[in-house]
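Undergrad: As a plain string of letters, each chain reads:
2 protein chains.
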Amino acid sequence: MSLLVVGSVALDTVITPHGELKEGVGGSAVYFSVASSLFSPVHLVGVVGKDFPEEHIDKLETRGIDIDGLYVAGGKTFRWHGRYGEDFTDPETLLTELNVFADFSPDLPEKYRDIPFVFLGNIHPQLQLQVLDQMQSPSLIAADTMNYWIENDMDALMEVIKQIDMLVINELEVRLLTGKRSILAGAEKIQTMGPATIVVKRGAYGAFAMTGDHFFVLPAYPTQNVIDPTGAGDSFAGGLMGYIAEKGKISPENLRMGIVYGTLIGSFCIEGFSIKKLEEITPEQVNKRLDHFRSITCF
Amino acid sequence: MSLLVVGSVALDTVITPHGELKEGVGGSAVYFSVASSLFSPVHLVGVVGKDFPEEHIDKLETRGIDIDGLYVAGGKTFRWHGRYGEDFTDPETLLTELNVFADFSPDLPEKYRDIPFVFLGNIHPQLQLQVLDQMQSPSLIAADTMNYWIENDMDALMEVIKQIDMLVINELEVRLLTGKRSILAGAEKIQTMGPATIVVKRGAYGAFAMTGDHFFVLPAYPTQNVIDPTGAGDSFAGGLMGYIAEKGKISPENLRMGIVYGTLIGSFCIEGFSIKKLEEITPEQVNKRLDHFRSITCF
Numbered sequence: 458m459s460l461l462v463v464g465s466v467a468l469d470t471v472i473t474p475h476g477e478l479k480e481g482v483g484g485s486a487v488y489f490s491v492a493s494s495l496f497s498p499v500h501l502v503g504v505v506g507k508d509f510p511e512e513h514i515d516k517l518e519t520r521g522i523d524i525d526g527l528y529v530a531g532g533k534t535f536r537w538h539g540r541y542g543e544d545f546t547d548p549e550t551l552l553t554e555l556n557v558f559a560d561f562s563p564d565l566p567e568k569y570r571d572i573p574f575v576f577l578g579n580i581h582p583q584l585q586l587q588v589l590d591q592m593q594s595p596s597l598i599a600a601d602t603m604n605y606w607i608e609n610d611m612d613a614l615m616e617v618i619k620q621i622d623m624l625v626i627n628e629l630e631v632r633l634l635t636g637k638r639s640i641l642a643g644a645e646k647i648q649t650m651g652p653a654t655i656v657v658k659r660g661a662y663g664a665f666a667m668t669g670d671h672f673f674v675l676p677a678y679p680t681q682n683v684i685d686p687t688g689a690g691d692s693f694a695g696g697l698m699g700y701i702a703e704k705g706k707i708s709p710e711n712l713r714m715g716i717v718y719g720t721l722i723g724s725f726c727i728e729g730f731s732i733k734k735l736e737e738i739t740p741e742q743v744n745k746r747l748d749h750f751r752s753i754t755c756f
Numbered sequence: 458m459s460l461l462v463v464g465s466v467a468l469d470t471v472i473t474p475h476g477e478l479k480e481g482v483g484g485s486a487v488y489f490s491v492a493s494s495l496f497s498p499v500h501l502v503g504v505v506g507k508d509f510p511e512e513h514i515d516k517l518e519t520r521g522i523d524i525d526g527l528y529v530a531g532g533k534t535f536r537w538h539g540r541y542g543e544d545f546t547d548p549e550t551l552l553t554e555l556n557v558f559a560d561f562s563p564d565l566p567e568k569y570r571d572i573p574f575v576f577l578g579n580i581h582p583q584l585q586l587q588v589l590d591q592m593q594s595p596s597l598i599a600a601d602t603m604n605y606w607i608e609n610d611m612d613a614l615m616e617v618i619k620q621i622d623m624l625v626i627n628e629l630e631v632r633l634l635t636g637k638r639s640i641l642a643g644a645e646k647i648q649t650m651g652p653a654t655i656v657v658k659r660g661a662y663g664a665f666a667m668t669g670d671h672f673f674v675l676p677a678y679p680t681q682n683v684i685d686p687t688g689a690g691d692s693f694a695g696g697l698m699g700y701i702a703e704k705g706k707i708s709p710e711n712l713r714m715g716i717v718y719g720t721l722i723g724s725f726c727i728e729g730f731s732i733k734k735l736e737e738i739t740p741e742q743v744n745k746r747l748d749h750f751r752s753i754t755c756f
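Chains as they are written, first to last, in the working numbering: chain A, 458 to 756; chain B, 458 to 756.
Since the hints were made in silico from the structure, they are not lab data.
Keep in mind the model is a prediction, meaning the values are calculated, not measured.
Glycine included, C-beta positions come from ideal geometry on N, C-alpha and C.
Hints are supplied without guarantee of correctness; some may be wrong.
Claimed, not checked - Below, a sample of chain A positions facing chain B; criterion: calculated Cβ distance under 7 Å: (1) R638; (2) L641; (3) R713; (4) C755.
With the sequences and hints as input, model every part of the structure.
TA: The structure is reproduced here in structure tokens:
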């Protein structure tokens with residue numbers, strides 16, 4: 458079944474111990490849609506400036522991603538510059554230029570409004586609500602957020618959380634959102650705020666998920682070939698949601714395998730700058746890594 | 458097969474958000490031996506002072522732990538006081554009194570010298586070497602260490618590492634020991650220093666292991682009922698080594714299941730102060746948790 462994603466589309470300049478990429482295509486909607494397009498038809502909502510290179514548009518279209526909802530506004534594309542240290546954890550942000558993203562007001566193409574699976578990438582919660590208002594009772598709504606919105610627009614964010622079925626969030630955000638030091642207790646508390654399903658991203662340590670009373674936990678797929686961690690979380694969410702959309706519904710078993718595939722897609726993402734590696738991988742490579750992952754994890 | 462452990466025997470005073478325990482029995486050799494005694498006969502080497510309560514000795518003997526190598530020296534027992542915060546990570550050390558442990562010089566009972574499985578708990582690497590010198594070609598030698606020895610007696614520690622088959626170590630120690638920021642790359646580098654098997658403890662995030670070309674990674678067993686994390690790493694090592702000694706040899710498959718059992722025993726350990734929970738658990742409870750762990754982890 459098809460999948461809608463709303464989020465940022467960016468030009469990222471990234472410095473890592475392996476080198477530098479200037480103005481590569483990035484943003485949550487890009488990583489998510491490229492990742493999820495391995496599994497399901499994806500429809501993207503976002504905004505770029507007139508300076509957004511045609512080649513990047515081509516990359517998305519080559520993946521079969523529907524970009525009728527990608528608006529080209531007068532002005533410059535959202536830019537982010539970041540630098541990663543030797544351990545590839547939290548990057549230092551060198552520059553953030555919102556540009557056209559500052560005035561983004563998503564107005565969905567008519568044909569998008571009955572898409573059954575919706576992912577609200579990390580944008581202002583008011584914009585996430587604006588997207589939801591335009592949708593006709595989707596069967597699954599998932600959302601991401603970030604510490605900035607928790608600290609600066611908790612009311613709108615709580616309204617989003619009330620309306621969604623699945624929250625995809627990291628450990629720091631669980632703590633900020635709930636005030637709980639125990640991540641498990643925090644995730645359970647979020648379930649009482651609305652979403653039946655909570656997926657907690659733990660970076661290099663993997664992820665866990667709760668849906669109703671079901672629980673699932675997974676380490677990260679171990680790769681030594683880390684080139685650029687940017688987009689790992691969005692690729693994880695894209696693999697997860699793409700898999701669930703392909704299956705047509707969320708169930709404990711689909712969530713479990715969605716987390717597995719999300720983990721694998723995230724592991725490929727970080728093995729190249731920007732979306733380079735995501736563009737290259739084939740279903741065969743993903744399934745080969747799935748078999749290897751099972752062999753080093755299950756008992 | 459039987460197992461020798463050398464390490465600290467302590468009286469721990471621990472403050473956690475759940476309360477305080479004054480002068481509970483602790484120390485690496487205690488946690489390790491209680492944990493491993495669930496699987497294999499254990500022989501302990503350590504030292505206490507004349508103030509060490511008889512009831513703690515009784516607890517060890519009740520578990521079938523051989524304490525002929527536990528020396529009672531003139532003076533006071535090693536004491537540690539620590540306080541854990543809400544997140545139960547690195548405790549604040551409030552007091553460390555080495556007491557009789559400062560002059561510890563392990564002299565093994567004759568009957569200990571042909572024990573096939575040896576675990577060198579976290580003590581001065583010179584003492585770890587002194588124990589090894591007294592052993593008659595054990596079939597598996599494993600060791601733990603800590604940042605203090607890496608920073609203060611690297612030469613002796615490198616000699617230990619050269620002689621052992623398995624190093625059980627945490628992520629910080631991997632980085633300090635190898636200078637590598639990538640834990641995977643660091644673990645591989647340690648393999649070139651001597652031990653074919655490296656087990657990396659990641660606290661609340663689980664553990665991974667390498668043996669030759671084999672790799673295995675596991676998240677921690679999720680428990681919300683954390684009372685006192687003291688001894689989790691030593692209980693993990695005890696479960697791991699106890700299981701391998703029970704099987705009679707290390708193999709990739711035995712290592713894998715050893716890591717699983719170590720993880721489970723560690724998860725029980727933190728559900729009570731001191732060794733309280735470890736003393737209570739039965740093989741049936743461990744196997745029940747094993748089944749649950751598999752159901753939430755494997756795919």
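Undergrad: Could you work out which earlier hints the structure fails to respect and list their numbers in ascending sequence?
TA: Of the numbered hints, all hold.
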